[in-house]
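**Student:** Since chain H is already given, all that's left is putting chains L and R with the ligands on it; use the hints.
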Amino acid sequence: MALRGWLMAITVALIVVSLGLFLRRLNTIFQVMRKARPARRGDHLGERFKSLFTNVVLHRRMFRITYSGVLHYFIFSGFVVLLIDIVETIGEVFFPGFTVGRILAPLVDIWVILVAIGIVLALYQRIIIRPARFHGSDEKDAYLILGMIGAIITGIVIHDSFYPFVAREVFHVADPVARSHFLGYALSGLWRALGWTGPRAASIGYTVGYLMDLGVVFAFLAYLPYSKHLHIFAAVPNIFVRNLGPKGELVPQPIEDSMAIRTFQDLTWKDIHDLYTCTECGRCQAVCPAYAAGQPLSPKMVILELRDALNERIAWGTVNDPTQPALAGGVVSAAELWACTTCGACQEACPVFIEHVPKIAGMRAALLEDGNVDANAQKVLVSWDRQGNSFGQAARKRSAWAKNIDVPIKDARKEAVDWLWFVGDFAALDPRVQRLTQLIARLLHHAGVDFGILFESEVNAGNEALRLGEYGLFETLAQKNIKALNQAQYRHIFTTDPHSLNALKNEYRKFGFHAEVMHYTEAFLTLIDRGQLAVEPVGLTATYHDPCYLGRWNGITEAPRQLLQRLGVNLVEMPRHGAQSFCCGAGGGRIWMDETGIEDRPANQRIREALALPDVRFFVVACPKDVSMFSASVTAMGVEDRLRVVDMAELLAVAVGLPDVAESDLRSFPNEAGILS
Amino acid sequence: MADIVVVGEIQNGVVTDATQELLTRARDLATARSRSVAVLAFGKDAEAAVKTADADEAVVVVDQAVEEYNPGVYEATLVTWLTENPALLILLSNTTMGMDLGAALAARLQIAMIAYCTDLRIEGSSELATCQIYGGKLAAEVELPDRAVVTVIPGSWAASGRSGIPMVHRFNAQPSPISVVKVIEPDASGDVDITRADILVSVGRGIQDPDNLELADELAQAIGGVVSCSRPVVDAGWLPRSRQVGKSGQTVKPKLYLALGISGAPEHLQGMKDAELIVAVNSDENAPIFDVAHYGATADILDLMPALTEKLNGRNG
Amino acid sequence: MRIAVLMKDVPDLVEELEVEDGALPLDDMSFVPSEWDDQALEEALLIKEETGADVTVVAIDTGEVDGLMFTALAKGADRAVKLAGGFSRRLANRQRGAVLAQYCQTQGFDLVMTGVQAIDDLDGQIAGWVAGNLEVGHASVVRDVRAGADTVKVVQEYSGGKMAELELPLPAVLGIQAARKPPRYVTVAKVRQLQKTASVETVDVSEPTAPTLSVRKIYKPEAAGHAQMWGDDVDEVSEKIVNLLEDKKLLRS
Ligand SMILES: Cc1cc2nc3c(=O)[nH]c(=O)nc-3n(C[C@H](O)[C@H](O)[C@H](O)COP(=O)(O)OP(=O)(O)OC[C@H]3O[C@@H](n4cnc5c(N)ncnc54)[C@H](O)[C@@H]3O)c2cc1C
Ligand code: SF4
Ligand code: SF4
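Protein sequences, first through last, are from chains H, L and R. The numbering used here puts the first residue of the first sequence at 19, with every later residue one more than the last. The numbering used here puts the first residue of the second sequence at 180, with every later residue one more than the last. The numbering used here puts the first residue of the third sequence at 2, with every later residue one more than the last.
No lab work stands behind these hints: they were computed from the structure. Fair warning: there could be bad hints in the mix.
Okay, the calculated bits of chain H under chain R, using three or more residues with CB under 8 Å as the criterion [unchecked claim]: (1) 385 to 392; (2) 486 to 496.
For lysine-lysine, the following PhoX-like pairs were computed, each having C-alpha atoms within a straight-line distance of at most 25 Å [said to hold, decoys possible]: (3) L:Lys490 - L:Lys434; (4) H:Lys397 - L:Lys434; (5) H:Lys498 - R:Lys191; (6) L:Lys316 - R:Lys249; (7) R:Lys163 - L:Lys434.
We put the CB at the ideal spot given by N, CA and C, even for glycine.
Next up, chain H with everything else stripped away, as it sits in the complex (with noise of 0.2 Å):
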């Protein structure tokens, strides 16, 4: 009877006090999200129902790296089985005979096998393999963790295999699932060979082994909101409540006031919860191009610099003095934000769906509303303003490609036409682009498609603007693209730069503008498919780059793929293809920015990457950026003569036969023979 008296004092404060530490810290951060700033998030239920199987019982994204998914998987479900165990060793004290039954009771054993196999395959990658992606994770706590677990799992052991024991001599009653424990019946017989089962031993067993359960069950409730594993917690709600609307709307709702981000007000109760259910895995900083290209910025440095610096104003109370540093500038330095291409690879790798592009693009707002902008970047923003583009050229200008082709090009302000065709700033004004430009207007035109441009009407859509900081000008180009494209009477759109189709397409939803924005690659697959566009296979072996806000953030991964199937094109993908693309580093603004800091340039690992290919000679590219990204890094690393870039609407032009285009010219590259498959 004491024996039970006291478990049962103990449990019952360990309960009392762990849930009152861990509730009042629950409650402070609740205190936080509540002044935050609103997101809706409450929609879609049925959708989010799903992505939480998808996303927590099928661990998707984790698996994306199996040897992490699995040890994962093992750990995380060991905390599901851990319940059961937790009933059944308090019902056993508190309920006098209580047992789980002959069923549940051997899955705890089962799982604590598995849980074991998890900590050493965590250990094993933490001390032997030792991921890039730890580097700047908080290692100690992690061990701290692992070492908690453990504890438990040998705790429960223990304590079951006392249990035959104490319930026999101690609270007098059968014990049913006592062989279903096996491995606590298995360490049992030790325990009788040392004879250690008399009333007095197996007391001192049981508690021994209830303390390392229960006592470090609680104990880890009560430690856990202020560690990083409060993602045990806040994972699942924080994919619950997952962005589900368009991934590629960085802005849901018109801005009043202000997008920028100076305090943690400022941000979304989402960001904050994003906060604390990062688990410091790096899988978002391993994919990261300014990263990788050895800029001052991992994703989750900035998840975790800003939560660190919460719990710290928690802690001494300060979270809403404001003479704290801001967060743009001061607990997340300038460099780090203006660092950022907003590829969004990091979203896309983060299996607790934290949001990281909204954060940094709400900070640089707050850098730029202080004036704190790149030189370059601040002439192209001042150039947006003033002329609707980055060249800074005069607006009348931007149709200026259209003039020596003798190919009627319609003015959709002034008559109806079939398709309308939103050309975008590089492939307007960048002189190597409007090559290309005039390759797609011949080829449209070869396809007998009614189409026509906005001419001086259309501006900079605004994309890389509003991923600047810069709302308001990203508002005033968008006002001025839906005035002109509501004046035009058109049956499809389309547009030729995956930056500005993103902004059609996502951002310009709140403004009232919807319309099934097409990206060229769909257009001609459509045309194509119709029969209107008569095409030969040009039969050669290239790899297909896919432009970020193609393929990752508007998930238009296929149609490119498609076409370049109808084309004839043996395609060879790089590792990193698809939805993990890797950034040629020129989004987010970083393409007008000065490249201090950077060590080896995306764009040139991409074409490392390419380069490792066997028997690809192509690079092929389906945005405007890309073509002078792409180019210019073969330019600097000297191989012109190992890989080439093309732009989609090159291999078109081969393919249709238009005359004059440079046939000869792709097919003989790189003059040797054994590329033409």
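**Tutor:** Just chains L and R with the ligands now, with coordinates in the frame of chain H:
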């Protein structure tokens, strides 16, 4: 009292080329209209320098206060002298001094002002000035009013090389509360700021090997310029990023941009297309750099650089 | 300390300049703040940050200068004053100088700053005109303005990288070559907000009587288009380059 007054600048003890040009045209106009020319100059070297100038009269101001250019003292002195000796036409070069004093003199004397002049001529009964405006994109033809201050862009026309024997007088410097605290000589040490250089010798991938940069350095020395480059040269680690011209580097507007072995990619052009004078050398006659250059040559830069250096050094003596 | 920054807008050179009948159709052109005036404003704002000076932006109303003024306010200027008198876009600098001087005289500014030049000052730079009319000390082609209690120190630039530090008693007029930092960016939203909350003061002034220049015509000098090519002979090309340098006075004598 002279009709046309040239405000002269003296450097290293002699009248500058720009002042020689002013004197030349002043004399041409004076001859056509039977007028007289005076030159006014400051500093202890002034007397020796203007003694043989092609002017009828030379006024020299010698005073400790005018040894270094001081806008206050110069302006006060000029205003006093010109008030006592009203002139029809006052010519200054469009240098710092011209930019500084031109309009102020016009305001103090309550006469007209014409800036950025590139030509002064007589056409029938009128006297005309041609001026460069809108960053050189437009020219304006202006009638010279009865009295005016004109600032002339150096190098607009050739100096005649004529000399004369002016009557030399002295005039006292007038006081001003403005003082020259210190003179800062050009800084030769440290890394150069390519945005401030008048002449850039800019190299691209055509340089081929880092050892060849020495040729560019020597040329830059000889020409009195600074070496800049395209991005691949920085990528290769041959020159620091501070020397990169272009979109992701510096935007430059030198008086002369000598592009050597640079193809002229749009990102590069963005950083240098507004240079006053662009000379490109590239073995590929179709290189886009020639679309923005004023002069071009298809020579091999590795041969050209030493040849040009030698020619320049030979000339400098 | 009270600082006036004199600003004006000029045709945007990015646009193709079309000449009609020997003149510019100024009313159809787009205008941007003169880049050197932006530099002057930035330098003034830096001084404000250092010393707490009060910065007033002054522009002559020759059309739509409100945008420029609200931008200056959004950047941190304390006041914006528009001098109105039914002026046209063609108002010459001599007239501008007189109008601005007249206004500055009534205000007792300690320091008047403006851009060293503008692309359209055919008849002289504003700094000189204003200083001459006010008969106060001035310096142009300067940067690094350090304002003291009764004097201001500046660095004046000369050709060939030579410079001098000057000290001028206040009041003074400065023509700014470049600010210590590139002009700051101001967001579209902030300008819009200022348009709602701040106002531009309008002061009526009378047109001065000084005569203007008589411009016969404005025309485009012949454009280059493509480089004039010198061939590939190393000797010949070197010779041509040296001659060109001599012509353009780019050789050290
Ligand atoms: C976002 C972005 C930003 C960029 N920013 C910049 C930038 O700021 N600055 C910049 O320069 N580039 C920049 N680039 C790179 C740019 O696109 C070009 O790749 C680069 O300018 C090419 O440099 P280059 O002309 O030296 O090399 P190339 O294009 O390889 O040209 C070398 C030239 O030298 C000629 N040549 C070779 N040997 C000789 C010889 N012996 N004599 C005479 N001529 C010879 C060749 O005919 C060729 O035309 C940027 C690119 C991107 C995508
Ligand atoms: S968006 Fe791309 S560049 Fe930015 S932090 Fe994420 S992975 Fe890095
Ligand atoms: S943000 Fe996501 S991917 Fe990055 S470390 Fe945290 S949990 Fe991992």
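**Student:** Report the numbers of all earlier hints that the structure fails to satisfy, in ascending order.
**Tutor:** Every hint satisfied by this model.
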